[in-house]
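> So my numbering is basically just the index in the sequence shown, starting at one, shifted up by 9.
To be clear, the hints were calculated from the coordinates, so they are not data collected in a lab.
There may be inaccurate statements among the hints.
The calculated label-pair distances, taken between Cβ atoms and stated as ranges, are [to be verified]:
| id | residue 1 | residue 2 | range |
| --- | --- | --- | --- |
| 1 | Q43 | Q68 | 27 to 33 angstroms |
| 2 | K64 | R88 | 29 to 35 angstroms |
| 3 | A76 | S46 | 25 to 31 angstroms |
| 4 | Q52 | R89 | 18 to 24 angstroms |
| 5 | E62 | R88 | 18 to 24 angstroms |
Once the Cα atoms are required to be at most 27 angstroms apart in a straight line, the calculated BS3-like pairs of lysine-lysine come out as [to be verified]:
| id | residue 1 | residue 2 |
| --- | --- | --- |
| 6 | K37 | K49 |
| 7 | K64 | K37 |
| 8 | K49 | K64 |
Backbone N, C-alpha and C fix where the C-beta goes; we use that ideal spot for every residue, glycine too.
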Amino acid sequence: MRSQSLFACFGLSLILAGALGGCLPKSKEWTHPQVASPRKEDQMFVQDTQFCEGKIGAQPQGRERDAAMADCLTRLGWRRQE
10 MRSQSLFACF GLSLILAGAL GGCLPKSKEW THPQVASPRK EDQMFVQDTQ
60 FCEGKIGAQP QGRERDAAMA DCLTRLGWRR QE
C-alpha cells in the first residue's frame, strides 16, 4: 500500500514538473543585442513580452497579433534570430 502511494506521488510530481516546464520561457526566436547574459535576456524577454501583450490587448488575433507583437518587441530593441 505504501509503495503504491509513493509511486502515485512520484507520477504526480512528474506530471506537475512537466506542466510547470511549459511555463518557463521557451527557446525564443528573439535576441537582444545589448544584453550579454542569457539569463538576464530570458528574464527581460518575459517582461517585455508581458508588456507587449498588455499594450496589444486581446483584440488582434492570428497574423495581426503576431505582427503587433513583432513590432512591439522590435521597438524595445529585440531582433529575430536567424
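> Does each hint hold? Answer for all of them.
Outcome of the hint check:
1. Q43 x Q68: 27 to 33 angstroms: holds, 31 angstroms
2. K64 x R88: 29 to 35 angstroms: violated, 19 angstroms
3. A76 x S46: 25 to 31 angstroms: Distance hint for A76, S46 holds at roughly 29 angstroms.
4. Q52 x R89: 18 to 24 angstroms: At roughly 19 angstroms between Cβ atoms, R89 and Q52 fall inside 18 to 24 angstroms, so the hint holds.
5. E62 x R88: 18 to 24 angstroms: holds, 19 angstroms
6. K37 x K49: Given pair K37, K49 holds - Cα atoms ~14 angstroms apart, limit 27 angstroms.
7. K64 x K37: Holds - the C-alpha atoms of K37 and K64 are around 20 angstroms apart, at most 27 angstroms.
8. K49 x K64: Between K49 and K64 the Cα gap is close to 22 angstroms, so the pair holds against 27 angstroms.
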